[in-house]
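A.B. asks: Here's the letter readout for the chains.
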Amino acid sequence: MFVYADNAATTSVSEGAVKAMTRGLKEVYGNPSSLHAKGREAEAVLKEARAEVAALVNAEPSEIYFTSGGSESDNWAIKGAAKLGAAKGKRHLITTRFEHHAVLHTMRALEKEGFEVTYLDVHENGIVKPEEVEAAIREDTALVTIMFANNEIGSIQPIREIGKICREKGVLFHTDAVQATGHLPIDVKADNIDMMSASGHKFHGPKGVGFLYVKRGIRLPNLIEGGAQESSRRAGTENLPGILGMAEALKEAVEGMEEHSKKVTAMRDKLIAAIEKIPKVRLNGDREKRLPGNVNFCFDGIEGESLLLSLDLEGICASSGSACTSGSLEPSHVLLAIGVPKEVAHGSLRLSLDYVNSEEEVDYIIEKLPPIVERLRDMSPVWEEIIKEESRLSA
Amino acid sequence: MAMTYSEKVMEHFRNPRNVGKLEDANGVGEVGNAVCGDIMKMYLKVKDGIIEDVKFNTFGCGSAIATSSMATELIKGQPVGDALKLTNKAVVEALGGLPPVKIHCSVLAEEAVKAALKDYYERQGLPVPEECLVEEHDEHEGCGCSL
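Same order as they appear, the protein sequences are chains A and B.
Position 19 of the first sequence, counting from 1, maps to 19 under our numbering, and the rest follow consecutively.
Position 74 of the second sequence, counting from 1, maps to 1074 under our numbering, and the rest follow consecutively.
FYI, nobody ran anything at the bench for these hints, they're computed from the structure.
Since we're looking at a predicted model, the values are computed, not measured.
A couple of the hints might just be wrong.
[Stated by the list, open to error] Derived coverage of chain A by chain B (criterion: at least 3 residues anywhere in the stretch with Cβ under 8 Å from a Cβ of chain B; other residues may be distant):
no.	stretch
1	292-303
2	337-346
3	371-384
[Unchecked claim] Subject to a maximum C-alpha distance of 20 Å in a straight line, what follows is the list of computed SDA-like cross-link-like pairs (lysine to any residue):
no.	chain 1	residue 1	chain 2	residue 2
4	B	Lys1021	A	Glu384
5	A	Lys79	A	Ile224
6	B	Lys1008	A	Leu313
7	A	Lys368	B	Arg1014
8	A	Lys342	B	Val1035
9	A	Lys388	B	Lys1008
10	B	Lys1021	A	Ile387
11	A	Lys388	B	Gly1020
12	A	Lys388	B	Lys1021
13	A	Lys368	B	Met1010
14	A	Lys388	B	Glu1023
15	A	Lys388	B	Asn1033
16	B	Lys1021	A	Glu389
17	B	Lys1021	A	Ser391
18	A	Lys342	B	Asn1033
19	B	Lys1008	B	Ile1103
20	A	Lys280	B	Val1035
21	A	Lys342	B	Val1101
22	A	Lys388	B	Val1028
23	B	Lys1021	A	Lys368
24	A	Lys368	B	Asn1015
25	B	Lys1021	A	Arg375
[As the list claims (entries may be wrong)] What the simulated footprint calls covered on chain B by chain A, stretch by stretch (three residues with Cβ under 8 Å from a Cβ of chain A suffice, anywhere in the stretch; the number is not a length):
no.	stretch
26	1052-1060
27	1082-1089
Just so it is clear, CB atoms sit at the ideal spot from N, CA and C, and this is done for glycine as well.
Between the sequences and the hints, there should be enough to build the whole structure, so can you do that?
C.D. replies: See below:
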């Protein structure tokens, strides 16, 4: 059996999205900037896609900027807001300790330019406290950026409340909603969001395309100079096939959300309950405020990569931490941020389910995982110490 | 970026040789630390100057397990004098290479063998050969992590 349980890293492209993309490649091949019939056709299709994406998050079409994905959207929003702030003498930024590296590394770069960054605690459950956001806001705060839901441990943040605080304080609020878009209900107006990043391939759209929502009135500096595309703020001929694929995928994801979410949450909870039967494991992240498909555990006495390779040999695709940090020797910064000890953080496993997974696949993981954990623990000197300590304590 | 292990590494990961403990070991060495994510424990049974048996226990990534396995295979049945000459390079070569970020695993495997040999010489009341005196690392130095 083959089970793809790494949907937080990326998803398969839906049939509908492939169809929409094919249309963009074969049929609507004009350049939306061209004046002739083929160009006008492409422009109309692009406009439709923008309106569709906007409606799905309750934004206005003019507030949606198509980008190459989550990282670009994050970089643009954060660097742009920092620049806007600096022009008014505001050089303080607020974020959390467990953001995606697209945010954290952007912050580090801005620190080198003289910005001061406050990294908020995310506590044991992986959730930011709105009152701590409020307390951190200063006269010179240019931006608050907090992810909608965490990519590794799936914890969902109180975005609406944080947005409300930022509104009241007159501070820009950006959220990296890469893991949430298409999986959780999002309404940029009701959620008090000023800017929001999303990425197509996390909800069954293609890779290399995403969007940034920017609330009307925010004069975000241009990202790419050149032609008049994306209101002259991000020049370059539009990736129309990608945009069409993403728009279709988002439509399917939002329309099917209730049904998908119900199915995926049930599979997730079944998997969590089964893994919790293995001794010395801990669930990372909040039990309730959690992405429907996210399962993240630490297994005492074993290291994550060997767990991952063993699952791979059984045909199960999972991840240890996030895909972006695989190949790194560091334990996950997300797990360290929620207080997991370093030696335990090395033994983490993320299984991210999706509506395309089946109950049988979940059962297969439940069947294969415990013996793998046992085998790796049997050869682990760390596990041997844990067991010795146990028997010492019980004696 | 995804890392790719050689077939040999995967083969040793799947079927590691000499896993376990030796109750009657006369040389035991442990290197690494859990904070960095790798610990190797090596058990030797030396008789008449020959490594008659060797077993290992490892906490670590795929290549930590594979390098431990390969190191035991390279020294099993060998005279202690030959085992003293084991290098991490030999382990890497025997495995058909390792990704650059995983080279430290082979260093750890060499050090585990040498730590066990050092213990053997000390238990025998023999002078410890120079080859066993691997440099004492700081807690993380050389482990490849930057904590």
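A.B. asks: Next pair to validate is A:Lys388 with B:Glu1023; report whether the Cα-Cα distance is within 20 Å.
C.D. replies: With Cα atoms ~16 Å apart, A:Lys388 and B:Glu1023 stay inside 20 Å; holds.
A.B. asks: Given the hint that B:Lys1008 pairs with B:Ile1103, does the C-alpha gap stay at or below 20 Å?
C.D. replies: With Cα atoms ~15 Å apart, B:Lys1008 and B:Ile1103 stay inside 20 Å; holds.
A.B. asks: Is the hinted pair A:Lys388 and B:Lys1008 satisfied, with a Cα-Cα distance of at most 20 Å?
C.D. replies: Violated, at about 34 Å.
A.B. asks: Measure nothing beyond the straight line between the CA atoms of A:Lys280 and B:Val1035; if it is 20 Å or shorter, mark the hint as holding.
C.D. replies: Within the cut-off at roughly 18 Å; holds.
A.B. asks: Could you grab the alpha-carbon distance between A:Lys342 and B:Val1035 and see if it respects the 20 Å cut-off?
C.D. replies: holds (5 Å)
A.B. asks: Is the coverage entry for the stretch 1082-1089 of chain B by chain A consistent with the three-residue Cβ rule at 8 Å?
C.D. replies: violated (count 0)
A.B. asks: Would you check the hint for B:Lys1021 and A:Arg375, treating anything up to 20 Å between C-alpha atoms as holding?
C.D. replies: Holds: B:Lys1021 and A:Arg375 sit about 14 Å apart, inside 20 Å.
A.B. asks: Taking 8 Å as the C-beta cutoff, is the stated coverage of the stretch 337-346 of chain A by chain B satisfied by three or more residues?
C.D. replies: holds (count 3)
A.B. asks: For a C-alpha distance cap of 20 Å, please report whether A:Lys368 and B:Met1010 respect it.
C.D. replies: holds (19 Å)
A.B. asks: Given the hinted pair B:Lys1021 and A:Ser391, is their Cα-Cα distance within 20 Å?
C.D. replies: Holds, at roughly 19 Å.
A.B. asks: Would the pair A:Lys342 and B:Val1101 pass a check requiring their Cα atoms to be no farther apart than 20 Å?
C.D. replies: holds (19 Å)
A.B. asks: Hint check: A:Lys388 vs B:Gly1020, CA-CA at most 20 Å. Holds or violated?
C.D. replies: holds (16 Å)
Comparing the model with each numbered hint stated earlier shows that hints 9, 23 and 27 do not hold.
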